[in-house]
Each structure stands twice: as C-alpha cells, then as structure tokens.
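Given the sequences, and given the hints that come with them, work out the whole structure.
Order-wise, the sequence lines are chains A and B. If you read the first sequence in numbering that gives the first Met the number 0, its first letter stands for residue 0, the second for the next number, and so on. If you read the second sequence in numbering that gives the first Met the number 0, its first letter stands for residue 0, the second for the next number, and so on.
Hints listed in this document are in silico derivations from the structure and should not be mistaken for laboratory results. Among the hints, a few may not be true.
Derived DMTMM-like pairs (lysine to aspartate or glutamate); straight-line CA-CA distance at most 25 angstroms [claimed, not checked]:
#1 B:354 x B:229
#2 B:17 x A:274
#3 A:465 x B:229
#4 B:109 x A:182
#5 A:153 x A:166
#6 A:119 x A:109
#7 B:290 x B:308
#8 A:120 x A:274
#9 A:465 x B:308
#10 B:109 x B:153
#11 B:271 x B:308
#12 B:237 x B:249
#13 B:73 x A:163
#14 B:128 x A:449
#15 A:416 x A:182
#16 A:560 x B:127
#17 A:465 x B:127
#18 A:320 x A:145
#19 A:560 x B:341
#20 A:137 x A:163
#21 A:551 x B:114
#22 A:465 x B:111
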Amino acid sequence: MEKNIVSNKENPARMTAEKERVSTRLITEEEEVKPKHRNIRRRRAATAIIAFLLFLLLLPVSGVIPAVPAISAVQTAAADEKTPPPGVYDTLDALADKTIGIETGSSFDELVSKRLPNAKKEYYNSKVDLVNALIGNKIDAFVADEPVIKSTMKAREEITYVPEYLDSFAFGLVFPKNEKGEELRNEFNEFLMQFKADGRMEALEAEWFGDDESDRQIPEVPAGEKGTLKMATAAQYDPFQYVRDGQVVGYDIDMVAQFCIQNGYGLEIADMNFDGVLPSVQTGKCDFAASGITITPERAESVLFSDPNFSGGTVAAVLRKESTDGKKGFWAGIAESFNKTFIRENRWQLFVNGLVVTLIITTLSILLGTILGFVVFMLCRRGNPIALGATRFCSSLVQGMPMVVLLMILYYIVFGKVAISGMMVSVIGFTLTFGSSVYSLLKMGVGAVDNGQYEAAFALGYSDRKTFFRIILPQGLPHVISAYKGEIVGLIKATAIVGYIAVTDLTKMGDIVRSRTYDAFFPLIAMTIIYFALEAFFIFLVNRIAARFDPKRRSPQQVLKGVEIHDPN
Amino acid sequence: MIRIEHLKKEYFNTTPLKDVSVEIHDGDVISVIGPSGTGKSTLLRCINLLEKPTEGHIWIDDIEITDPKCDLEKVRQKMGMVFQSFNLFGHLTVIENVMLAPMDLLSKSKQEAYDTGMELLRMVGLADKALNYPDELSGGQKQRIAIARTLAMDPDIILLDEPTSALDPTMVGEVQAVIRDLAKTGKTMMIVTHEMNFARAISNRVFFMDEGGICEDGSPEQVFEHPQMEKTRRFVRKLKVLELNIDNRDYDFPGMAGEVVRYCRRNQIPYKTANWLSLAFEELVHQILVKKLENPKIQTVIEYSEADEQVQMTVHYNGEAWDATKEGHEMSLSILQKAAKEITWQRAGGSNQVKLLIRA
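Here is the structure:
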C-alpha cells in the first residue's frame with residue numbers, strides 16, 4: 000500500500016484509476032488515502048476564507064462601502080453660516096429629472112411629487128441609508144430638513160445642500176384622537192406658548208443646533224405624581240432625537256422632558272422605526288409621539304397635532320462640488336472609523352445591549368417554540384381532525400406571513416390595547432413561527448420512521464404512548480436535527496426586524512450607531528460577526544445536546560451502565 | 000388456547016379473510032401455507048390485533064381480545080411476533096433490543112434483563128454481537144435477534160410471519176435452525192412460511208389457506224401426502240398446470256402446440272423434457288385421438304412438479320373403453336413409448352384416461 004501511495008504521487012495521471020482500485024480494497028487501506036483529500040479540502044477552505052477577507056478589505060477602497068470618513072482639509076463650513084458650500088447641483092431645477100431618495104413614511108414623498116414631479120423617487124428606511132446612498136452615487140439627492148442636514152454635514156463632509164427650500168414645514172407633537180389625547184395636547188400647547196414667551200425656546204435652539212455637543216444636556220425627569228407618559232420616537236434624527244451614550248437625546252426630547260418636569264409627569268421613551276411611530280400612538284401603545292413629525296393635513300385626519308414646536312425649511316441634500324476624498328491614510332481612516340463606531344460615547348455598550356436583547360428573544364423563542372411545537376404535535380399526532388385542522392390553519396397563516404407583518408399585527412392589532420413590551424411581543428411572534436417549524440420538523444422526522452417499528456413495539460405489548468416515546472421519537476429526531484439547526488439560524492437572522500416594534504436589538508443598535516456616525520462599514524461588519532458568533536454558539540449548543548441524546552453515540556460502558564457482566568467462561 | 004370464530008377482514012377493495020373459524024390448542028406448532036395473497040399473514044396479524052378484524056371474535060384462553068374493553072397490551076405481552084422485515088429497533092444495540100421490553104413492560108431490573116438477554120443471545124448464537132447495532136448485522140443475524148427479543152418477554156404464543164422470506168438463501172438455514180429449536184420447547188407457535196420441507200419438519204399441524212379461508216387443516220402427513228383437495232395437492236407438490244380442451248375436429252393444433260412450448264419456457268422445463276412433451280402431445284392427441292374419434296371431447300392436463308422436476312400429461316377423452324396407446328399408427332405408438340417413462344390407461348366415470356410420465 001505504501002508503494003501505491005508513492006506511485007500515485009509520482010504519476011498523477013494514474014491517480015484516478017488507482018483510486019478506483021484502492022476504493023474496492025480493504026477499508027483500512029482506504030483510510031490511508033483519505034487524509035490527502037482532507038488536506039486538499041482544507042486548503043480550498045483556507046483559500047476561500049482568505050479571498051473573502053480580501054474582498055471585505057477591498058470594499059471600502061473600491062468605494063462600494065464608503066467606510067473611511069474623509070476628514071477634509073477643506074475649511075469646514077461654520078454651522079451658523081447662512082449659505083451652504085456649493086454642491087454638485089445648486090438649484091432645484093437641476094434636480095428635476097434626477098433620482099431623489101426619500102425616507103419611507105416621511106411627508107417628503109408628497110413634497111417631492113409636488114415640487115419635482117419628473118424626479119425618480121427611491122425609498123430608504125433611515126437617514127443613514129440615504130447618506131450612504133448619496134455618497135455611493137445611488138441617488139443624486141435626498142430630502143431632509145435643514146437643521147438635520149446641517150447636523151449631518153458635521154459628520155460627513157462630502158454632503159451639502161441646495162440652498163433653495165422645497166418647502167417650509169413645521170414639526171409638531173402627535174397625540175391620539177381621543178379625549179385623553181386632546182387634554183394632553185392642550186396641556187402641551189399651553190406649555191409651548193409659555194416656553195416660547197419666556198425665552199427657553201431660544202436657549203433650546205442654541206443648545207441643540209449649535210456646534211458644541213457638550214452643551215447638549217437633557218434634564219432628569221423624576222417619576223411624576225400625575226403618572227408616567229409613554230412617548231414614541233424614532234431616535235435616528237439628529238439633532239431632534241438620537242441616541243448618545245445609550246440614551247435617547249435631542250431637541251424634541253429636551254423640550255418634552257422640560258414639559259414633563261413642569262407638569263408633573265414621568266417620562267418613558269419607546270424608540271422604534273419611524274414607520275411605527277404614528278401607529279403606536281393611534282393604537283394607544285404610546286401616549287404621544289415626538290419624532291420630528293411634519294404637520295400635514297393628511298396626518299391630522301388620524302392624529303392630533305400640537306402647535307408647531309419647530310419650523311424650518313425642507314431642502315435637498317447633494318454631494319459637494321470639490322472632492323474631499325482620500326486626504327487621510329487608509330489605516331488611519333479605519334482606526335478613526337473603529338473609534339467612532341465603538342469607542343466614542345461608549346458605543347460598544349449599545350452593541351452589548353443589543354446583543355443581550357437579541358439573545359433573550361432568541362433563547363426564549365427557541366425554548367418556548369420547541370415546547371409549543373412539541374405540544375401541538377402531540378395533540379395532533381393521533382389525527383384528531385379538529386386539532387389537525389386548527390394547527391394546519393394557524394401554521395400556514397404564521398408561516399405564510401412575512402415576519403415583519405406578523406410582528407406588527409401582533410403588536411399593533413392583537414395586543415394593541417394591552418400594555419405589553421415589544422420584546423414580549425417579539426418572543427410571542429417568534430415562538431409562534433418557530434413552534435410551527437418545530438411542528439413540521441417533528442411531523443417529518445416521525446413520519447420517516449418505518450411503520451414496522453410501531454408494529455414491533457405494539458406486538459411486544461407497548462402502549463401507543465410508550466411506543467412513541469421509547470421507540471419512535473428517538474429514531475425520528477436524528478432525521479431532523481440538522482434541519483432544526485437551520486431553523487435556529489433562520490430565527491436568529493429573522494430577529495433583526497424587531498426594530499419595527501420598538502425593540503432595540505442588535506440590528507437596531509447597529510442602525511442607531513450608523514445614524515450617528517454615518518458610517519456603514521464597521522457597524523455592519525460588527526453586526527455580521529456578532530450574528531455569526533451567535534449562530535455558531537447556538538449550533539454548538541444544539542450539537543452538544545444532540546450528542547448527549549443520540550443513542551447511537553453512546554459508548555459500550557454507557558449502554559451497559561449499572562450492569563454486572565458475568566463472563567460465562 | 001386460541002379460538003377464532005367467523006373471522007373476516009375486509010378492505011375497501013379486497014377481502015383477504017372471508018370466514019375463518021378454527022381452534023388452536025396449547026403446544027400446537029402450526030404451519031400456515033398457501034399461495035400468495037390468500038390471507039395467511041392477515042390471519043396471523045388478526046390474532047394479535049395488529050389488523051383489526053371486520054367481523055368475528057377471537058379468544059385467547061378465556062379472554063376475548065376482539066372485545067374493545069380487553070386489555071390488549073397485557074395480552075400482547077404474552078404473545079410474541081416475529082416479522083418478515085425483522086423490525087429491530089435501529090437506535091438501540093442488540094442487547095438493548097432484547098432488554099428493552101422486559102424492563103419497560105415487566106419492570107425487570109436492568110441486571111435481570113441483561114442476564115436473560117445474554118442467555119437468549121447465546122441461545123441464538125449471537126452473544127458476541129450484543130453491543131452492535133442492528134444495521135451492522137446480516138439479515139439472518141437480525142432475524143435471530145428478533146426471535147431473541149420476542150422470547151425475552153417469555154410469551155406463551157409466538158407468531159412468525161414469513162420469518163425467512165426476506166433473507167438471502169444462504170441465511171435461511173441459520174434462522175430455521177433457531178425456529179426448529181424453538182418448536183421443541185412446547186410453546187404454541189404459528190408460522191406462515193413458503194418453505195414446505197421446513198413446515199413439514201417442525202409442525203404438528205398444517206393449515207393450507209386459499210381464497211381467504213383455511214381449506215385444509217391436518218397433520219403434515221395428511222396435508223402433504225394425502226391432500227383432500229386438488230388445489231392443495233397442486234400447491235404442496237408445487238405443480239404448474241396447463242389445461243387444453245378440444246371439443247371439435249376443427250381445432251387449432253399449431254396454436255395449442257405453441258401454448259405447450261410457451262408453458263415449458265415459462266416454467267423452465269429442461270429442453271429435452273419439453274421436446275418429449277411436445278412430441279407426446281402431438282402424437283397422442285393430434286395423430287391418434289382426433290383422427291379416431293368422430294366427435295372428440297379431449298381434455299389434456301399437463302402438470303410440472305418443481306419439487307421432483309417431473310412432467311405428467313393426463314389426457315381424458317370420450318368414446319368407448321379404449322386404450323389409445325395400444326392401437327394406432329405404429330410410428331406414433333413408438334414415439335409415445337419413447338417419450339414416456341410410464342404409460343397407464345384407465346376407464347373412469349364413462350371416459351378414458353391416459354397418464355404419461357414424460358421422460359426427463
């Protein structure tokens with residue numbers, strides 16, 4: 000055999016024929032051949048990994064992901080300067096037939112249709128996506144409010160805006176259209192009048208639209224004697240509301256905090272996607288919302304607006320004329336980006352908090368979903384037609400629905416009037432989907448067990464129940480364990496959407512960080528790595544458990560534990 | 000004692016058991032034989048209610064198991080079953096397969112179950128495979144384990160459903176040896192089998208089943224040596240039969256000759272024998288009988304016994320008492336003499352009958 004291997008090495012042309020011959024020989028011989036294949040495989044895997052890493056490194060260089068925040072040598076425009084630095088386009092007419100980015104669910108949609116009817120509209124979920132799309136040349140401009148863009152320009156110097164206003168607008172707080180909402184609205188309007196009259200408004204504007212981040216402080220809101228107000232917001236709208244040091248801050252927040260202190264309310268903030276803000280007020284999940292919401296007649300049909308708490312102009316953000324790229328070294332840029340993403344304002348804590356939330360949702364959903372799937376399977380196993388029909392209906396309903404839709408339905412409709420946290424709703428939603436997957440898997444695994452196994456057990460005198468647990472289930476489970484692992488990976492990935500119902504999970508935290516740094520690279524890579532690690536962890540756990548319960552992996556000692564062996568000889 | 004009364008099993012498209020009533024005594028070793036699809040396995044599976052009978056009653060000792068109130072699990076514990084496809088529990092080792100039921104159902108200690116289990120494995124000659132998994136064993140070994148598993152419950156009755164049918168011919172012997180030993184222990188046994196010699200050797204009673212009922216029930220000698228019914232005889236001697244009828248002079252001789260050739264090919268009758276058979280058929284029927292008889296009514300029955308590789312041709316014909324093998328064209332007669340080892344003529348029930356044992 001050793002000779003054979005040598006000859007194989009020397010004469011690769013004969014390899015195939017030789018291999019065929021070898022494979023028909025003794026098993027022990029085949030084992031000697033195997034390591035060679037394994038080496039080849041290992042080498043291939045290593046090549047693939049290196050290629051992938053290179054690809055990741057090249058992304059920022061090639062500009063697909065604008066990772067490096069270019070700190071330019073160009074003089075930064077002062078915040079109070081009246082005209083912005085010149086952009087690629089400098090009039091609205093120049094944008095007439097261009098592609099305009101719009102944040103989904105914002106009032107800018109209508110505005111663009113009115114002012115730039117020939118422009119192509121593209122929708123993005125958050126401002127950070129808009130910024131990155133603009134820098135990546137996917138859109139020619141995006142629409143935002145002037146103070147917001149000014150604030151963005153501090154982080155991304157490539158951006159400027161067309162000085163012409165598309166529209167002037169007013170932000171207002173939003174209250175539900177009911178008696179309680181109206182009362183609260185009137186209370187706030189009164190406060191606002193006072194606030195403007197006594198100069199506190201001016202101070203607030205100076206604080207939040209100024210340059211100095213350290214000026215921006217939110218007063219502590221004590222537990223109020225009139226109860227706690229729950230406020231909905233989408234904290235990705237610097238400087239009106241955004242997350243700093245793991246806390247929601249901003250112009251709106253500051254004003255609301257002062258209102259609560261003055262009127263004796265406690266304050267609880269629910270951070271969610273912008274799409275969810277209005278529904279959460281309408282359904283009574285939150286008492287009011289402050290999220291830089293533009294007052295429009297259409298919205299006023301379904302909610303109550305306060306008097307404007309901010310007025311300004313809507314502008315189109317575009318790229319700056321002079322190039323500001325590549326003034327800083329590549330590695331220095333990476334370091335800067337890393338610093339911004341993780342170190343500054345202790346943002347790594349956001350990732351940790353998000354990870355904890357994701358971990359809790361995932362773990363609970365896996366546990367409860369597995370139990371739910373098993374219980375339902377046991378109820379349906381004997382073919383009870385009612386249980387079976389109900390299960391089929393529910394599981395096709397749950398599995399056929401996009402997860403986002405299911406979560407929103409649960410949060411805003413099913414539990415619309417119940418005081419229940421978004422996290423609980425997420426756990427319920429994912430338990431339902433995971434449960435129905437587990438149910439299908441069990442059905443598949445148990446169905447794969449040969450009918451003869453039932454007959455043999457029945458013939459020995461086993462009851463139906465005992466047959467199932469002692470004979471059928473242990474043989475059915477190994478069939479589906481790998482599919483189960485797949486479901487877990489799917490579940491972990493699916494949890495990334497819980498941001499829609501005000502849960503700040505890992506993805507949401509990543510979004511929050513991105514909305515502050517306007518830098519996609521590190522938050523996304525960090526999220527990817529954490530998700531991979533999370534998946535690997537759960538797979539490892541399942542493998543360990545499966546190995547413990549796999550009857551075929553026991554040693555003879557385990558099989559005969561507690562038995563004294565008498566040798567007849 | 001097992002008592003079966005008017006047992007019927009019906010599926011929506013077939014009725015494998017029509018009406019079976021029989022009594023089985025303690026200590027009986029019964030072989031159930033018969034063509035495929037005649038309800039042998041169904042009968043066996045009805046006895047431990049793996050199949051639910053459509054009609055009829057079954058008593059085991061004095062318990063009516065077809066009564067819905069009966070504690071079926073208790074009854075089944077005393078009634079082992081060995082399957083054609085072994086049905087060993089794939090997730091357990093051999094010894095665990097044997098130990099599982101006594102521990103789960105008879106609440107025996109693990110030690111006790113292990114000791115009995117090993118004893119049984121030694122009995123079936125597989126003690127050294129105790130820690131192997133079923134998929135590491137050959138078919139014969141699997142079936143022996145299945146028998147040991149059944150015996151571990153110490154049943155009073157053992158049902159064996161074609162225990163050697165799924166086996167490689169080289170492995171049939173080892174399983175039969177184990178069953179043969181088992182038959183001597185005095186347990187009541189019922190075994191569905193296609194192995195006639197084996198059935199004959201081990202049983203004290205044989206059921207021949209056909210068309211959903213027990214056609215013959217007797218000792219092996221009765222059933223195998225002196226069967227009451229023609230279909231039993233044909234079955235136990237493994238006869239392949241061809242019947243040809245002629246009722247007028249203008250019959251299609253080449254067509255019939257072709258049928259004989261096809262029959263020979265189908266049953267793999269040796270070439271020489273087939274040749275002699277064709278010749279004998281042509282001379283006796285075509286050359287002698289049809290020419291002589293004015294209004295011929297001739298029935299030819301050809302039987303080929305796989306057991307002793309013999310072809311027998313029986314020709315019934317009308318007319319007066321007349322031995323057709325004695326008169327006729329000399330050439331034809333000499334061919335007949337050559338083609339047959341043995342020729343007998345007899346007059347029975349108003350017709351003549353010639354029997355030829357064809358030369359091999």
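A quick look at each hint next to the structure:
Between the alpha carbons of residue 354 of chain B and residue 229 of chain B the distance comes to roughly 17 angstroms, so the proposed pair stays at or under 25 angstroms and holds. The straight-line distance between the Cα atoms of residue 17 of chain B and residue 274 of chain A is roughly 71 angstroms, outside the 25 angstroms bound, and the hint therefore fails. Between the alpha carbons of residue 465 of chain A and residue 229 of chain B the distance comes to roughly 49 angstroms, so the proposed pair goes past 25 angstroms and is violated. As the CA atoms of residue 109 of chain B and residue 182 of chain A are separated by approximately 76 angstroms, the hinted pair breaks the 25 angstroms bound.
Restraint check for residue 153 of chain A and residue 166 of chain A: satisfied, since their Cα atoms lie roughly 23 angstroms apart, inside the 25 angstroms limit. The hinted pair formed by residue 119 of chain A and residue 109 of chain A meets the criterion: a straight-line CA distance of about 13 angstroms does not exceed 25 angstroms. In summary, the hint linking residue 290 of chain B to residue 308 of chain B is not supported, as the alpha carbons are separated by about 32 angstroms, beyond the 25 angstroms threshold. Under the criterion of a C-alpha separation no larger than 25 angstroms, the hint pairing residue 120 of chain A with residue 274 of chain A is consistent with the structure, at around 18 angstroms.
For the suggested pair residue 465 of chain A and residue 308 of chain B, the alpha carbons sit about 52 angstroms apart, so the restraint of at most 25 angstroms is broken. Pair hint residue 109 of chain B plus residue 153 of chain B holds up; C-alpha atoms about 16 angstroms apart against a cutoff of 25 angstroms. Restraint check for residue 271 of chain B and residue 308 of chain B: the C-alpha separation of about 12 angstroms stays at or below 25 angstroms, so the hint holds. Only pairs whose Cα atoms come within 25 angstroms are accepted, and residue 237 of chain B paired with residue 249 of chain B is rejected, the gap being roughly 34 angstroms.
Between the alpha carbons of residue 73 of chain B and residue 163 of chain A the distance comes to roughly 91 angstroms, so the proposed pair goes past 25 angstroms and is violated. For the hint linking residue 128 of chain B to residue 449 of chain A, the alpha-carbon distance of about 23 angstroms falls within 25 angstroms, and the restraint holds. As the CA atoms of residue 416 of chain A and residue 182 of chain A are separated by approximately 20 angstroms, the hinted pair is consistent with the 25 angstroms bound. Between residue 560 of chain A and residue 127 of chain B the alpha-carbon distance is near 18 angstroms, which keeps this suggested pair within the 25 angstroms criterion.
Taking the CA atoms of residue 465 of chain A and residue 127 of chain B, the gap is about 29 angstroms. The hint is violated against a cut of 25 angstroms. Annotation: proposed proximity of residue 320 of chain A to residue 145 of chain A holds, straight-line Cα distance about 19 angstroms (limit 25 angstroms). Among the hinted pairs, residue 560 of chain A with residue 341 of chain B is inconsistent with the structure: their alpha-carbon atoms are about 71 angstroms apart, more than 25 angstroms. This hinted pair checks out: residue 137 of chain A and residue 163 of chain A have alpha carbons roughly 22 angstroms apart, not beyond 25 angstroms.
In summary, the hint linking residue 551 of chain A to residue 114 of chain B is supported, as the alpha carbons are separated by about 22 angstroms, within the 25 angstroms threshold. Proposed proximity of residue 465 of chain A and residue 111 of chain B is supported: the alpha carbons are some 21 angstroms apart, at most 25 angstroms.
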